[in-house]
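*Asks:* Protein chains in written order, with our numbering: chain A, 13 to 410; chain B, 13 to 410; chain C, 13 to 410.
These are calculated hints, taken from the structure and not from any lab test.
A pair counts as met if it fits within one copy or between any two copies, since identical chains are not told apart.
Listed below are the simulated DMTMM-like cross-link pairs for lysine to aspartate or glutamate, each with C-alpha atoms no more than 25 Å apart in a straight line:
#1 17 <-> 73
#2 217 <-> 273
#3 397 <-> 73
#4 217 <-> 107
#5 149 <-> 365
#6 397 <-> 65
#7 84 <-> 107
#8 17 <-> 161
#9 392 <-> 47
#10 403 <-> 73
#11 217 <-> 323
#12 397 <-> 31
#13 84 <-> 316
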Amino acid sequence: MDSSKISDRIKSLSTKNIDNMYLNDFLLTWDKSEDEIAAVFQTAEALRAMRTDNLACRVFDSGLAVSIFRDKSTRTRFSFASACNLLGLATQDLDEEKSQIAHGETMRETANMISFLTEIIGIRDDMYLGVGHTYMKEVARSVEQGYHEGVLPQRPTLVNLQCDIDHPTQSMSDALHLINHFGGIEKLKGKKIAMTWAYSPSYGKPLSVPQGVIALMSRFGMEVVLAHPEGYNLLPEVEEVAQSNSRQSDGSYSRVTGMSEAFENADIVYPKSWAPYTVMEERTRLLQEGDLEGLKDLEKRCLENNRQFIDWECTEKLMQTTKGGSALYMHCLPADISGVSCERGEVEASVFERYRVPQYIQAGYKPYIIAAMIFLSKFKNPADKLAEMVKRADPRVV
Amino acid sequence: MDSSKISDRIKSLSTKNIDNMYLNDFLLTWDKSEDEIAAVFQTAEALRAMRTDNLACRVFDSGLAVSIFRDKSTRTRFSFASACNLLGLATQDLDEEKSQIAHGETMRETANMISFLTEIIGIRDDMYLGVGHTYMKEVARSVEQGYHEGVLPQRPTLVNLQCDIDHPTQSMSDALHLINHFGGIEKLKGKKIAMTWAYSPSYGKPLSVPQGVIALMSRFGMEVVLAHPEGYNLLPEVEEVAQSNSRQSDGSYSRVTGMSEAFENADIVYPKSWAPYTVMEERTRLLQEGDLEGLKDLEKRCLENNRQFIDWECTEKLMQTTKGGSALYMHCLPADISGVSCERGEVEASVFERYRVPQYIQAGYKPYIIAAMIFLSKFKNPADKLAEMVKRADPRVV
Amino acid sequence: MDSSKISDRIKSLSTKNIDNMYLNDFLLTWDKSEDEIAAVFQTAEALRAMRTDNLACRVFDSGLAVSIFRDKSTRTRFSFASACNLLGLATQDLDEEKSQIAHGETMRETANMISFLTEIIGIRDDMYLGVGHTYMKEVARSVEQGYHEGVLPQRPTLVNLQCDIDHPTQSMSDALHLINHFGGIEKLKGKKIAMTWAYSPSYGKPLSVPQGVIALMSRFGMEVVLAHPEGYNLLPEVEEVAQSNSRQSDGSYSRVTGMSEAFENADIVYPKSWAPYTVMEERTRLLQEGDLEGLKDLEKRCLENNRQFIDWECTEKLMQTTKGGSALYMHCLPADISGVSCERGEVEASVFERYRVPQYIQAGYKPYIIAAMIFLSKFKNPADKLAEMVKRADPRVV
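The following block holds chain A by itself, in its conformation from the complex (with noise of 0.2 Å):
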């Protein structure tokens, strides 16, 4: 990269409107206006820039960013200590085990003493139904209400890294993925991207995936066309969003029955695994009456369940059918490869292998959107603030 790009990137990001992104989360793609997505894109690019020429991106002298996993990660962890260490917060985890957290009065309370030198908060929470999107607005509305108390001298801000909604850091790097793929956010206008059910083996996935997915993709007037087996629907009221977007971008949202009407054309597959809707909504109600030999049951019907659809796999053939054959494969990963992590899953081992280096330069974008996220609700006027960062030039390494 040469600095001219890097400064292009701050003057795109000049001409945006994004005052309401200041002191404020992220929570939901469709939550940020065209002009505050475009921002992150831009900001995540200018820090990647920034990096690649050796500039330091050191915003804050100390602070804490504080990581709450309510579930297995290593990619997203790892994502969020990249992303908080390039800005210069050290991160801190909530061990849950460790502290005993909990909901309602004394989240309210453990969200306050956690936040007294607190800068970000990112949490991942999505395996319950109604559960992580509720508790990441709680702690939100706690650390909000203590920063007007006086009780916070700053706004800590929230990252949600994935809740039972939305997988925001997710879509928004696959996304960011795209428009550097086909060279520019315009031109995917048109562009046709499957996002599939596929068959997996391993566990009962949660639908946020799929679910940001359709939700971002649907507002840069793509086809976007969503396929699964009968009884593994996604939340009605996110593809109403969906369907909302794509009508406001000229773009469109649909859903087909097979894999093979979604594959036909595409430019884009992201064949992925995730629970039916009816599982989601059992596990969450056993999980609420803590009834873990319940839970461990339900996981083997889910998995049964899924078995019949075992036919729904990314193939050669299906890859066969897309726009010139050559659609290009996307996943969040880890993918459930047929005769590598698992016998029969998501994909043909050779197509995942075709699509390896992609998918991993696809992943590498999160440490930035999420440091572009951190960025833009830390400062009032974030151009001027890049700006001077490349004019301090300090390097990152001496």
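Given chain A, work out where chains B and C should sit, using these hints.
*Replies:* Using the frame of chain A, we list chains B and C on its own:
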């Protein structure tokens, strides 16, 4: 805040006789002189004001701060992490499960092995009488020796994050809250503070908070009153400290038999549960014998014993008997709130709710108190050093 | 120290042929040339002297250092954290329980996913023959590939924090201790070092320490003598390395049958326990079969086997047979000390006690050795870089 306030703090600090704090630990408040106690408050407030004015407080370019938590902790863990991060130190937790630290020779060795580039060791060890403070002294002696033998290039200093005897980071935060609430340390003179037991159904809590409170508040000329049910007495040597302190400060220390007598006309009330003294003693014995079943059984008997005193609750009715019906309610948090976190607990919900914000503000002093303890142990002329930092005026957030 | 010593180190470093260290891993000492080994010592000592002179050693404004510990660790964990912190990197532990890393394709993926903004990966994997080193090479190949494919913007370099074959950060710290103790690397020529087995009742320890010691010390023209009971042999390929090294360095390598022969007239003794070779082999097989019961049973048999050789103890009597009765006693720590940490162990308490301080000093080199390995892999002209840092003269503590 404004910079004149910061310079007042620094000026006041420069008049204190605090030579003995340099390279010294902070284990018990009563090991510290009046000047040393006052120096912590001034430094904490200076650092807090600097951060408010967006001045960087980083004094270490590198260096570790090791934390050892031998009991679950959220608040103290985050306060310690925040304080260390503010000054530029990276925290590294010594997880005893992952590393097996032990007493005796092995402890001496481990203390050195974790300290080669370590500036600070923070320890929490509060559940067993006769254990925590002894352990901290052993660690302190080990690193002192290592420093003199040339093993360690610097003398790591210890901060007591709660032991069996004292909880200085808590009591000092409490006192700073009182100082700011009443408008100065001299305004505390003659104020009545009621440190009383209160009913809790949750677990047998350590004695260090009430002990820390009576031992510290008795230094400011306050009327310190302790009340608890029979059998819930504190360590006799700490009561002697309170007695002696109050004589020297022209205050008073007394024990009364009930909450009502303690609350009567009090300016400040601090109702909080702790375990019966004999339970604490037995717990220690059972621990030493490794009798986990016995510990569980003891906990059950402890809570049954508490149950006799279920009417020891901080009610609105009791609050009305305090000075003007409006004593300042304090708690180290988390509190057992009747009808909220338990059926019957330490405090009525409406009382707690009315004082929620002041309590959170009280808790918010802790990171600065810890940072001040670190700062004063690390610089021979802390006032000059603070003045230098103010003059340098690096921003915390660029 | 004084600055002339630092510049001597830098001058010496600038004469070494170390081009091949740039962007390269540190896995085995015998993969490194004499110049490369010497460069690590010079750099470690330069960094240590700089820190002593209160010069900041930070070269990274941001960047992660990932640690993967597949075995319990305190010393190495803290040494690694200290080294990374000294240079400005933030450590992030990859906890396999929380994230499930595996071999094969998945390992390749994980290696990339944790490395987007990662400078260093430190791995400890020492309990199974044929596993640790292989694993490290796989990780190294994965990130090398990721770097060349444009997935990773920088090449994270690997530091072996102990594998099944070598323990380079330990042996290099040991060697630096000897160099400083005897007054120069050339003074080691002709010195006799006895690496011997010793009795331990605690657990079946890995072979990497004795292997690392014989393979490294044989490079300095020393008389390296190995002694162990029958059945406790080391990996034959490492003995061959020692053999070949000693021929090249005009030293000698030999195996003798007992402690007394090894200790006779020795300048340095390194008595330390390890598990029988067949136990190590069987352990690996049982691990691969996931036979936890078998592993427990094997451990029992291992300790029973050790018990036959309970007289392999470093006693005062044996020490008297060494050169002048005053050989330097070494241990990688923690030692099994007779009458202290166990009834009968590797060393008599009075011997250990007499050498406690030197041993702690020996351990204290490890953070600098690790920092040097990192430094040399990250800068093309490390001598110039060090000179720059000395000239800049930022203080470590303001």
